[in-house]
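There are 2 protein chains.
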Amino acid sequence: MSGRPVIAVDVMGGDFGPSVVVPGAVDAARLHDAHVLLVGDTHKIEVELRKLNLADVQFDIVQADEVVHMNEKPSDVLRRKKNSSIQVGCRLVKEGTANAVVSAGHSGATVACGMFIMGRLPGVERPALATMLPTEKNPVVVLDVGANVDCRPYHLFQFGLMGDAFARDILGYAAPRVCILSIGEEEGKGNSQVKEAYELLKLAQNINFVGNAEGRDIFVGDIDVVICDGFVGNVVIKMSEGLAASLTRMVKRVFMSGVLPALGGMLARKAFRRFARTIDYTEYGGAPLLGLQGLAIVCHGRSDACAIRNAAKMAAAYVRKNANSRLAEIILANEELTRFSRAV
Amino acid sequence: MSGRPVIAVDVMGGDFGPSVVVPGAVDAARLHDAHVLLVGDTHKIEVELRKLNLADVQFDIVQADEVVHMNEKPSDVLRRKKNSSIQVGCRLVKEGTANAVVSAGHSGATVACGMFIMGRLPGVERPALATMLPTEKNPVVVLDVGANVDCRPYHLFQFGLMGDAFARDILGYAAPRVCILSIGEEEGKGNSQVKEAYELLKLAQNINFVGNAEGRDIFVGDIDVVICDGFVGNVVIKMSEGLAASLTRMVKRVFMSGVLPALGGMLARKAFRRFARTIDYTEYGGAPLLGLQGLAIVCHGRSDACAIRNAAKMAAAYVRKNANSRLAEIILANEELTRFSRAV
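Top to bottom, those sequences are chains A and B.
At position 201 of the first sequence (counting the first as 1) the number is 201 in full-length UniProt numbering, and the numbers step up by one without a gap.
At position 64 of the second sequence (counting the first as 1) the number is 64 in full-length UniProt numbering, and the numbers step up by one without a gap.
By construction, these hints were calculated from the structure, which means they are not laboratory data.
Check before you lean on any hint, since a few could be wrong.
[What the hints assert, rightly or not] Covered stretches of chain A (in silico footprint by chain B; criterion: 3 or more residues with CB under 8 Å from a CB of chain B, positions within the stretch not fixed):
(1) 115-126
(2) 132-146
(3) 187-197
(4) 209-222
(5) 257-267
(6) 323-329
[As the list claims (entries may be wrong)] Listed next, with one range per pair, are the computed distances between beta-carbon atoms:
(7) S19/A x E187/B: 31 to 41 Å
(8) E136/A x D222/B: 23 to 33 Å
(9) E95/B x L260/A: 50 to 60 Å
(10) D76/A x Q205/B: 34 to 44 Å
(11) R269/B x N83/A: 51 to 61 Å
(12) R152/A x E199/B: 49 to 59 Å
(13) D222/A x E136/B: 53 to 63 Å
(14) E72/B x R80/A: 49 to 59 Å
(15) R274/B x D222/A: 24 to 34 Å
(16) R152/A x P122/B: 28 to 38 Å
(17) F116/B x E136/A: 36 to 46 Å
(18) H69/B x E199/A: 20 to 30 Å
Idealized CB from N, CA, C, for every residue including glycine.
With the hints as extra help, turn the sequences into a complete structure.
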């Protein structure tokens with residue numbers, strides 16, 4: 001290894017495969033001082049590499065014979081596709097050859113392979129998928145967004161701890177305001193799972209827990225970490241994506257509804273483009289699966305080269321800051337509480 | 001009674017109290033052919049009535065001595081505030097003096113009083129709060145949005161049945177496409193509760209169940225009824241409200257970001273105003289609590305007179321169409337299935 005973070009990139013994943021993943025990974029290696037391992041079909045990777053400028057790029061190719069299809073069950077991928085690019089990527093981390101893996105492929109399979117091949121950090125009950133959403137101020141971290149659909153209160157509790165560590169190290173927030181997503185701001189509001197997790201979070205060591213948040217608080221920007229179970233979190237992120245897309249289409253229709261609005265739209269076009277960039281999901285590239293020995297980043301299937309590059313950039317930053325050590329620390333500092341809640 | 005629907009309106013509820021609720025109720029009586037019972041402090045009601053034109057308005061005043069405050073527990077309101085405007089309103093329905101009750105007060109207390117004073121229709125396990133959200137096409141009915149935070153699969157199942165009946169009778173949809181909110185479109189995706197409810201919905205009599213919906217599908221307009229538990233539903237509606245408000249503020253900031261965008265904004269202003277009206281929540285006025293003997297409509301605390309009027313209008317339409325009879329019918333047609341699921 002070169003001293004640089006080594007990032008394994010599953011080039012076979014995503015809607016566009018090697019043609020966008022390879023250039024994205026190569027860009028990350030050049031711009032963000034990482035060593036990338038391009039995992040997949042060597043021939044296809046070489047075809048893409050020939051189109052690129054490879055000066056100053058540290059990379060290796062790691063052959064993987066199999067590809068995971070979107071309709072496969074995560075458990076089947078784990079059992080049967082030992083040579084799939086995602087399994088090979090996770091094993092590179094497990095063996096210590098790579099520090100992190102990035103994939104835009106089957107997200108369920110990536111989560112399963114990350115969890116079972118790379119393994120969990122000591123004390124972590126369930127790794128959590130975190131995502132960053134744009135708000136009116138700074139981005140907010142929401143977790144879990146789909147790795148754990150049926151949760152117990154101590155799972156939610158640990159999501160808060162891991163979200164805190166991530167927001168501090170990767171987003172640079174000094175004392176992240178950690179909330180649990182509920183249906184009222186007052187203590188005592190929520191379903192039974194949330195109410196119990198609230199009790200644990202109040203007692204947590206070393207985090208700035210500020211209570212319940214409601215759905216309407218997420219986008220204002222006054223909270224930094226939002227805890228929820230993976231079912232709720234997945235609904236939330238897909239819904240915000242869907243609502244933003246629908247509103248965008250509706251606003252476009254407003255501009256096309258007459259001559260004056262159309263003229264207005266032309267005048268405001270540049271400003272809208274700048275705005276669109278500020279709420280662009282590709283800025284963060286992907287959703288980190290937190291709590292692993294190493295790190296896996298799950299990218300959107302529709303990721304373009306820029307999203308892949310940013311995901312690899314985030315992975316490199318995570319490794320460089322040794323963010324897992326803070327995460328392990330806060331999990332251990334709260335181990336008694338977790339164990340107590342698990343026992344009752 | 002006059003043959004007209006009789007709607008009890010809790011005039012003490014909401015952020016603005018009698019000053020907006022009384023004119024809203026009076027407008028409903030005049031424009032939508034209802035007889036309204038203004039429930040609350042007689043003196044305050046009379047003060048408001050003096051400001052209004054009461055020609056052709058059928059109404060009565062029903063004195064209620066107590067007012068419910070927002071920080072009270074629903075169970076305390078139910079036990080101790082027998083003379084609160086919301087309890088008196090619900091009793092008017094229970095006794096057969098009114099057909100429905102409308103309140104913009106404490107929503108938890110309204111749900112509790114509706115459930116325990118008015119009682120459930122035969123076979124209904126849990127009344128559900130339904131709301132209508134604007135989409136790119138026709139409005140979609142989402143339920144439950146907060147009456148039941150901890151649900152069993154057969155509760156979700158019955159929400160689907162009640163949502164179907166409501167969409168047919170009140171929105172006039174011929175064969176509403178009923179979905180369950182989940183984290184993937186394929187059968188077998190979701191948490192354990194959703195997966196079991198899916199099995200029940202597949203077997204349901206007389207509804208057009210079309211499978212799972214994801215968060216991103218809600219606002220496109222290709223589904224008509226979305227089923228979820230009250231925790232998820234409450235998060236969803238508050239989040240969509242919050243995201244829409246945040247995006248609106250951000251778009252305004254775009255228009256103020258320079259001379260050209262500002263000019264563009266002026267040209268498009270009228271078209272945007274028309275658009276804002278199409279996604280205005282006050283159009284539906286409130287969220288009906290379905291499954292009761294009678295009907296309760298829970299309005300937003302911030303309701304203006306127009307929202308109250310539209311809530312009373314919806315209540316009157318509900319009564320006129322005898323929508324509870326269809327609801328009771330579909331619940332009974334699926335009683336065996338509900339009972340089976342409850343037993344396992």
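Hints and how they fare:
Taking a C-beta to C-beta cut-off of 8 Å, the stretch 115-126 of chain A contributes 0 residues in contact with chain B, too few for the three needed, and the coverage statement is violated. A count of 3 residues in the stretch 132-146 of chain A with a Cβ less than 8 Å from any Cβ of chain B is obtained; the coverage claim is therefore met, three being the minimum. A stretch counts as covered by a chain when three or more of its residues have a beta carbon under 8 Å from one of that chain; for the stretch 187-197 of chain A and chain B the count is 4, and the coverage holds. With 7 residues having a beta carbon nearer than 8 Å to a beta carbon of chain B, the stretch 209-222 of chain A meets the requirement of three or more and the stated coverage holds.
Residues of the stretch 257-267 of chain A with a Cβ under 8 Å from some Cβ of chain B number 9, which satisfies the need for three, so the listed coverage holds. Requiring three or more residues with a Cβ within less than 8 Å of a Cβ of chain B, the coverage given for the stretch 323-329 of chain A is violated, as only 0 such residues are present. Between S19/A and E187/B the Cβ separation comes to about 33 Å, which falls inside the hinted range of 31 to 41 Å. Roughly 30 Å separates the CB atoms of E136/A and D222/B, a value that falls within the hinted 23 to 33 Å.
Here the CB-CB span from E95/B to L260/A is close to 57 Å, well matched to the stated 50 to 60 Å. Between D76/A and Q205/B the C-beta distance comes to about 35 Å, which sits within the given range of 34 to 44 Å. Separated by about 60 Å at the C-beta atoms, R269/B and N83/A satisfy the suggested range of 51 to 61 Å. Between R152/A and E199/B the CB atoms are about 24 Å apart, so this pair departs from the stated range of 49 to 59 Å.
Taking the beta carbon of each, D222/A and E136/B are about 30 Å apart, not inside 53 to 63 Å as hinted. A C-beta distance of roughly 58 Å is found between E72/B and R80/A, which places it inside the suggested range of 49 to 59 Å. As the Cβ distance of R274/B to D222/A is approximately 32 Å, the hint placing it in 24 to 34 Å holds. A hinted range of 28 to 38 Å holds for the C-beta pair R152/A and P122/B, which are about 36 Å apart.
In this structure, F116/B and E136/A meet the distance hint of 36 to 46 Å, their C-beta atoms being roughly 41 Å apart. At roughly 26 Å, the beta-carbon separation of H69/B and E199/A lies within the given 20 to 30 Å, and the hint holds.
When each numbered hint is compared with the structure, violations occur for hints 1, 6, 12, 13.
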